[in-house]
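The sequence shown begins at 1 in the working numbering and counts up one residue at a time.
I should point out that these hints are in silico values taken from the structure, not numbers from a laboratory. The beta-carbon is built from N, C-alpha and C at its ideal position, and this holds for glycine as well. Do not rely on the hints blindly, as some may be mistaken.
What the hints assert, rightly or not - The calculated BS3-like cross-link candidates involving lysine-lysine, where the alpha carbons are at most 25 Å apart (straight line), are:
(1) K220 <-> K107
(2) K67 <-> K116
(3) K67 <-> K318
(4) K264 <-> K182
(5) K357 <-> K153
Stated by the list, open to error - Computed spacing ranges between beta-carbons, pair by pair:
(6) K349 <-> N276: 23 to 29 Å
(7) T384 <-> P62: 47 to 53 Å
(8) L46 <-> V163: 34 to 40 Å
(9) T323 <-> P422: 38 to 44 Å
(10) D227 <-> P62: 56 to 62 Å
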Amino acid sequence: MRAFRASVALVAAAAVVLTSGCSPSASGGDSGKVVLTLGSWRTEDLAMWQDEILPAFEKTHPNIDVKFTPTNTNEYNAAIQSQVDGGTGPDLITCRPYDVNRSWIKKGYFEKLDGKPMLGAFDQLALDPWAGDDGSPYCLPTAAVLAGFFYNKDIFTELNLKVPTTQDEFLSVLKAVKDNGKYAPLALGSAESWQLAYNGLYSIGPAYWKGEDGRQGLIKGTKKVTDPDFVAAFDAFDAWKPYLPKGSESLKYADMTQLFALGKAAILPDGSWDINQVAVGNLNVGVFGPPAATAGGERYVQEMPDMAIGISAASKHKAEAETFLAWTATPEFLSLYVNKLPGFFSMGKEPVTYTNKLAQEFADLKQGAKLTPRLGLDRLSAGTPPFDDEVWRVLQLMYTKDMSAQDATAELQKGLSAWYGPQQQK
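Kindly produce the complete structure, drawing on both the sequences and the hints.
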């Protein structure tokens, strides 16, 4: 699954239609049960929640009945806003990360979670994407996705290649595959610019801008995109260009996956959400993490917060909703959830064992690495031009129009300085 940045914009017409089907939570009448509703954008997970997850909760909480009530992902933001504003919202709201959720917090949609014991299951980095401007937590993390590299083990064996751990080693592997001429070094195209950022720059870049130091520096205004560390990250991404497959300008995301799945490319830069699409047939696939900038350098892994759950401030059953939310912080829930959805990962402190082999390999990348989310999604894309969108655009220009790393970062800084207060000249 792709984890795109959710837009804050409303789809008003869709919201009107969707709101009519919602109903507030209620007691279960003669059954004595309290009925809770859980809103979500993942319609594809309905059977999983109904058949696997909720029965596990209700087995130990027989007096609480939770109903999973999803809405199509493109309509979810507008639907939730319309429902909550109209008094028909769910008791439990699945939370988008960063700016969208922050706007909902400001509107008073959630109960604060300050001081709740369940928070102890997560570190601060995991909680931050769903915190308010005051730093208070409002949603409890459910899952994240990771970025790294799938590689064809048989091609590596055939060409006597070793898994790279540094940028120089990575480029040497790409050169060896290219020199052999039998396979494409990288299954990577530039027709869809989002994945150049999410599976490319945002994956390898933290090794240069030093993860949270660089990301938080941009947010606080203490660093600029034109600083040497950021320019070096764009240069490192530009160094992949000689190893793109023929016709890369027209290759879309699905084409890249297919190229790799057919055994025609050695390496696929991608996200964990694509595990089921990559591991097909008899393809012998492994996973490695983003290379360090230099030998002995710090390792970083992009862990993108995907979803969390919060308690509606308007719920009539907050105590029961808190009971359910606390259960989602337990190893029982986290293990059950992520193993039903290979490619999603627990953000909890307690280690989880993954039954899917590639999922476990992705999870292992986190060991000894510093975790950091995508560069442009927190605050930096809340204005015009949105920083994240601009990164997509300039990366595509780097691959198709030979824009330099210096020009790309200068253009990004100009756009950010035009509206984002901390980046404006004092």
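So, going through the hints one by one against the coordinates:
Using a Cα cut-off of 25 Å, the hinted pair K220 and K107 holds, with the two alpha carbons roughly 24 Å apart. With a C-alpha separation of about 24 Å, the suggested pairing of K67 with K116 holds against the 25 Å cut-off. Between K67 and K318 the alpha-carbon distance is near 15 Å, which keeps this suggested pair within the 25 Å criterion. Of the supplied pair hints, the one linking K264 and K182 holds, its CA atoms being roughly 8 Å apart against a limit of 25 Å.
For the suggested pair K357 and K153, the alpha carbons sit about 14 Å apart, so the restraint of at most 25 Å is met. Between K349 and N276 the Cβ separation comes to about 27 Å, which falls inside the hinted range of 23 to 29 Å. For the pair T384 and P62, the supplied restraint of 47 to 53 Å holds, since their beta-carbon distance comes to about 51 Å. Under the hint 34 to 40 Å, the C-beta atoms of L46 and V163, about 39 Å apart, fit the expected range.
The hinted window of 38 to 44 Å between T323 and P422 holds, with their beta carbons roughly 40 Å apart. The hint said 56 to 62 Å for the Cβ distance between D227 and P62, and at roughly 57 Å that hint holds.
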